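Asker: The primary structure of each chain is shown beneath.
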Amino acid sequence: MKILVCISKSPDTTSKIAFTEGNTKFDENGVQYIVNPYDEWYALVRGLELKEALGGTVTTITVGTAADDATIRKALAIGADNAVRVDAEATDAYQVASEIAAYAKDKGFDLVLTGKETINYNGSQVAGMIAEELELPFVSLATKLNVEGTTAKLDKEIVGGVETVEAQLPLVVSCAKGMAEQRIPNMRGIMAARTKPLEVVTPVGGEAMTSFVSFDLPPAKSAVKLIDPENMDELVELLHNEAKVL
Amino acid sequence: MSVLVYVNSNNGKIAKNAMEAVTYGKKIGNVTVVTNGGADAGALAELGAYGADKVLVDRAFEGTDPQQLTKLVVAAAENVGAETVIFSNDLVGKSVASRVSARMKAGLVAGATGVPAEDGTVKVNVFSGKAFGFVKVNTAKRVISLLPNSFQPENNGGTAAVEEFTSNSGEAGIKVLETKKPEGAIPLPEAELVVSAGRGLKGPENWGMVEELATELGAATACSRPVADIGWRPHHEHVGQTGVAIRPNLYIAAGISGAIQHLAGVNGSKVIVVINTDPEAPFFKAADYGVVGDAFEVLPRLTEAVKKFNASK
Ligand SMILES: Cc1cc2nc3c(=O)[nH]c(=O)nc-3n(C[C@H](O)[C@H](O)[C@H](O)COP(=O)(O)OP(=O)(O)OC[C@H]3O[C@@H](n4cnc5c(N)ncnc54)[C@H](O)[C@@H]3O)c2cc1C
Chain B
70 MKILVCISKS
80 PDTTSKIAFT
90 EGNTKFDENG
100 VQYIVNPYDE
110 WYALVRGLEL
120 KEALGGTVTT
130 ITVGTAADDA
140 TIRKALAIGA
150 DNAVRVDAEA
160 TDAYQVASEI
170 AAYAKDKGFD
180 LVLTGKETIN
190 YNGSQVAGMI
200 AEELELPFVS
210 LATKLNVEGT
220 TAKLDKEIVG
230 GVETVEAQLP
240 LVVSCAKGMA
250 EQRIPNMRGI
260 MAARTKPLEV
270 VTPVGGEAMT
280 SFVSFDLPPA
290 KSAVKLIDPE
300 NMDELVELLH
310 NEAKVL
Chain L
474 MSVLVYVNSN
484 NGKIAKNAME
494 AVTYGKKIGN
504 VTVVTNGGAD
514 AGALAELGAY
524 GADKVLVDRA
534 FEGTDPQQLT
544 KLVVAAAENV
554 GAETVIFSND
564 LVGKSVASRV
574 SARMKAGLVA
584 GATGVPAEDG
594 TVKVNVFSGK
604 AFGFVKVNTA
614 KRVISLLPNS
624 FQPENNGGTA
634 AVEEFTSNSG
644 EAGIKVLETK
654 KPEGAIPLPE
664 AELVVSAGRG
674 LKGPENWGMV
684 EELATELGAA
694 TACSRPVADI
704 GWRPHHEHVG
714 QTGVAIRPNL
724 YIAAGISGAI
734 QHLAGVNGSK
744 VIVVINTDPE
754 APFFKAADYG
764 VVGDAFEVLP
774 RLTEAVKKFN
784 ASK
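Note that the protein sequences, when read in sequence, are chains B and L. Numbered according to this note's numbering, the first sequence spans residues 70 to 315. Numbered according to this note's numbering, the second sequence spans residues 474 to 786.
So here's chain L without its partners, still in its complex pose:
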């Protein structure tokens, strides 16, 4: 079976979730990768290690305009006769997979967490992580977008053939005016380790101890909704049902009660540590490790312990 995987190689960088998508594609069939922009051919060839036979690259345009990328992916799918098209379900993947699905009349499995079963059904997260569903695609072709951090990339060595590709993708419908990325901070949606805090921290002036622990771990910071709503922390840190949904390897929550709407955004985390003064806090029911104690004492102590651990490595 021929599989096409879209990989975002803008800025010359290939993220871990792209490698996850290629490895995932390899479990289904022979993988061709499609990408655009100016990435170095050598870097693209390395996708062969994750299972790509071939990389098609359209050098005629840069960026992630959904209309242009849709034309590119559809043209590449035709070119290689792909029956399955795969995206990582990240911010770019979400905006393109749906367009490609409508254009190709290929049913979309959004947020897949596993490879297709014998009968073709694919497991996805539903009800904000409180359940999962098995989706069947009723069209001849299909599009699957893979939930980041739900599938391990496998590096088996080897290189892929890199070929120039022309897709006549036209003009971008969306013009980018400005890009703002806070220096040094680790982006939350992709972070493998996250330190989060809630109203239990009493005020924005106390976030230093959260940031210190995050820095020591190399983690991103997050918060509960009321904390973002009162303006203690920026909106993009708000996790939960109405904020960002994350699935890091480790989620440390201090001074967060664990309301059902908060859990909905973090229950995909592999390991959850909860720090709370109240032993009855509902979050402990969803936690792997719990510390009943005052965050103001426990967080600095934990930072010290991580420091010691890092020094011993």
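Okay, chain B solo, but in the shape it has when bound:
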């Protein structure tokens, strides 16, 4: 099994979200970057489990600059065999997807895994775009993935339930909660990661189709209205007449 896992960095989940340069740029001041949790906890770890059960390799791929190397090393410390970095600033989902598709095209990967979305831009776009560029089937928001021979069996979220589906490899899968449990890298993994191959490849010139013009923060919430815990009739009355949600 040859598995490719797409890894992106994202700001730590407790980061203060602010913008600079006239609200056109994310303020990176004091922000710590982590491996996007969906990529790490669900896609990467499930990839590793499949490799451990069935043999093969797990390669990570990231579109980014040298600034991404720390998060890539983290993925290697968790257990990926090798990493690829397409040497370009990530600008939008399509540019990232077309770079990854161009790299993966003739490498014979059986599975391409991504997290369900990044926690910064929340686009949930890259996996489907890779699948379309490679003309492969795509299962989105999978919560379970098993492989037997050349057939993958998956559970995926549907509205109000779960669907069990089957697809032939090669296949693109975006991974959601349930897929696997987070793995904390140990000292040996961290040491080994330092010498694992991180190949830097030249971009093919994938072009962005969208751009962010500006950002804004939501208006501050007005102060909470406290209700006497003895008086739930009042709460219902407010939800009905004031908030108009009942």
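Just so you know, these hints were derived from the structure itself, not from any lab. As the structure is a prediction and not an experimental result, all values here were calculated from the model. A couple of the hints might just be wrong.
Using 30 Å as the maximum straight-line C-alpha spacing, the simulated DSSO-like pairs for lysine-lysine come out as follows [to be verified]:
(1) B/K294 / L/K786
(2) L/K609 / B/K85
(3) B/K222 / L/K486
(4) L/K486 / L/K786
(5) B/K174 / L/K578
(6) B/K213 / L/K653
(7) B/K313 / L/K489
(8) L/K596 / B/K94
(9) L/K654 / L/K489
(10) B/K313 / L/K500
(11) B/K174 / L/K544
(12) B/K313 / L/K603
(13) B/K313 / L/K578
(14) B/K294 / L/K675
(15) L/K596 / B/K290
(16) B/K294 / L/K780
(17) B/K313 / L/K743
(18) L/K486 / B/K313
(19) L/K758 / B/K313
(20) B/K313 / L/K781
(21) L/K780 / B/K213
(22) B/K294 / L/K781
(23) B/K294 / L/K614
(24) B/K85 / L/K596
(25) B/K71 / L/K544
(26) B/K222 / L/K544
(27) L/K675 / L/K786
(28) B/K85 / L/K603
(29) L/K596 / L/K578
(30) L/K500 / L/K489
(31) B/K213 / L/K654
For chain B, the structure is supplied; the task is to place chain L with the ligand on it using the hints.
Answerer: Structure of chain L with the ligand alone, referenced to chain B:
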């Protein structure tokens, strides 16, 4: 301007978020809807009330296979010369919009919360609802996927012309083996009212009072991450940064502290009610209404109050 809206009409049902997408499309231009499967032509014609002129329906295949739907939507977009293609950003929309965008070389605005401005930029949610961004599409055509429950459907009456359409969508790449839907439960991602609880409830045996309130309200149930992780509640109920993101009209949170990662999944809710024994719980800062009290007493009391309210309606 010609606008194409994909509507999921499988099982003959058209969900509210599809009506939102059609109404949204009407704000941009002349709307054609594309769908597939066996839905009744009369039900499809009713989309005219939300602004569709025409509905193209491909009867040759059922289901929501992303590859088949991509071929269908691309063929329909060509057929009507659509410059804008619209999806609801639900579970199906997410899996198809990205493929259609790549195929048509049409930039994708994912998770739109408003109609395009004069200059063409579209407002989207970013940083898990902690901020929003304005996206510009740099291609001639564009795909917009609309965040469910961020735009009200408008029913102005009227019917749409329903036409059979052939898209030669080929075989499904994904074979559905089994579908499991818990009986009676209200699906969380689409729910307008949600009752949620966290570690403050102490154990799974205490969820009866959460479910009773939910039943009385007609709400879905949800939980915080540790509660799903220890197995008190099923994973699909976990809301937050690493679970499901929801935007109901009303979110009631009992015994949840309001950690930043939890808030990231619920801060799009229109109204938030927080029940917590600790007046310092961070969740109160994000709440519209707060009850400082013991969930074990407050929840049953609230259920009683809702019962009374329902009976008086
Ligand atoms: C990378 C990352 C991602 C995460 N993603 C998520 C996520 O997606 N979703 C999520 O929820 N969390 C997430 N978390 C965890 C998050 O940080 C919190 O730990 C978690 O939300 C806390 O859950 P809780 O509020 O149920 O429990 P606690 O923080 O233990 O809070 C329990 C609350 O119950 C109150 N309480 C106790 N007894 C009662 C009573 N009788 N009546 C009323 N109130 C009572 C207490 O005052 C307290 O406020 C994430 C963390 C990390 C690091």
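Asker: All hints are to be evaluated individually against the structure, with a verdict given for each.
Answerer: A quick look at each hint next to the structure:
1. Between the alpha carbons of B/K294 and L/K786 the distance comes to roughly 25 Å, so the proposed pair stays at or under 30 Å and holds.
2. Between the alpha carbons of L/K609 and B/K85 the distance comes to roughly 25 Å, so the proposed pair stays at or under 30 Å and holds.
3. Note on B/K222 and L/K486: the hinted pairing holds, with a Cα-Cα distance of about 28 Å set against a maximum of 30 Å.
4. A threshold of 30 Å between alpha carbons decides the hint, and for L/K486 with L/K786 the separation of about 28 Å falls inside it, so the pair holds.
5. This hinted pair checks out: B/K174 and L/K578 have alpha carbons roughly 19 Å apart, not beyond 30 Å.
6. Distance hint between B/K213 and L/K653 is fulfilled; the C-alpha atoms sit about 14 Å from each other, no more than 30 Å.
7. A distance of roughly 19 Å separates the Cα atoms of B/K313 and L/K489; the hinted pair therefore holds under the 30 Å criterion.
8. A C-alpha spacing of about 16 Å is found between L/K596 and B/K94, which places the hinted pair at or below 30 Å, so the restraint holds.
9. Between L/K654 and L/K489, the direct Cα distance comes to roughly 19 Å. Compliance with the 30 Å bound is thereby established for this hinted pair.
10. About 26 Å separates the Cα atoms of B/K313 and L/K500, which keeps this hinted pair within 30 Å; it holds.
11. Our distance criterion of 30 Å between C-alpha atoms is met by B/K174 and L/K544, whose separation comes to about 21 Å.
12. A threshold of 30 Å between alpha carbons decides the hint, and for B/K313 with L/K603 the separation of about 24 Å falls inside it, so the pair holds.
13. For the hint linking B/K313 to L/K578, the alpha-carbon distance of about 42 Å lies beyond 30 Å, and the restraint is violated.
14. With a CA separation close to 26 Å, the supplied pair B/K294 and L/K675 stays within the 30 Å bound.
15. Using a Cα cut-off of 30 Å, the hinted pair L/K596 and B/K290 holds, with the two alpha carbons roughly 20 Å apart.
16. Simply put, B/K294 and L/K780 have alpha-carbon atoms about 23 Å apart, close enough for the 30 Å limit, and the pair holds.
17. As the CA atoms of B/K313 and L/K743 are separated by approximately 10 Å, the hinted pair is consistent with the 30 Å bound.
18. Pair hint L/K486 plus B/K313 holds up; C-alpha atoms about 27 Å apart against a cutoff of 30 Å.
19. Between L/K758 and B/K313 the CA atoms are separated by roughly 21 Å; this keeps the pair inside 30 Å, and the hint holds.
20. The straight-line distance between the Cα atoms of B/K313 and L/K781 is roughly 17 Å, inside the 30 Å bound, and the hint therefore holds.
21. Under the criterion of a C-alpha separation no larger than 30 Å, the hint pairing L/K780 with B/K213 is inconsistent with the structure, at around 40 Å.
22. Among the hinted pairs, B/K294 with L/K781 is consistent with the structure: their alpha-carbon atoms are about 22 Å apart, no more than 30 Å.
23. The straight-line distance between the Cα atoms of B/K294 and L/K614 is roughly 46 Å, outside the 30 Å bound, and the hint therefore fails.
24. The straight-line distance between the Cα atoms of B/K85 and L/K596 is roughly 21 Å, inside the 30 Å bound, and the hint therefore holds.
25. Annotation: proposed proximity of B/K71 to L/K544 holds, straight-line Cα distance about 28 Å (limit 30 Å).
26. Under the criterion of a C-alpha separation no larger than 30 Å, the hint pairing B/K222 with L/K544 is consistent with the structure, at around 24 Å.
27. Our distance criterion of 30 Å between C-alpha atoms is broken by L/K675 and L/K786, whose separation comes to about 35 Å.
28. Taken as a hint, the B/K85 and L/K603 pair is honoured in the structure, with Cα atoms around 9 Å apart against an allowance of 30 Å.
29. With a CA separation close to 21 Å, the supplied pair L/K596 and L/K578 stays within the 30 Å bound.
30. Restraint check: the Cα-Cα separation between L/K500 and L/K489 comes to about 17 Å, which is no more than 30 Å; the hinted pair holds.
31. Only pairs whose Cα atoms come within 30 Å are accepted, and B/K213 paired with L/K654 is accepted, the gap being roughly 16 Å.
In summary, the numbered hints that this structure violates are 13, 21, 23 and 27.
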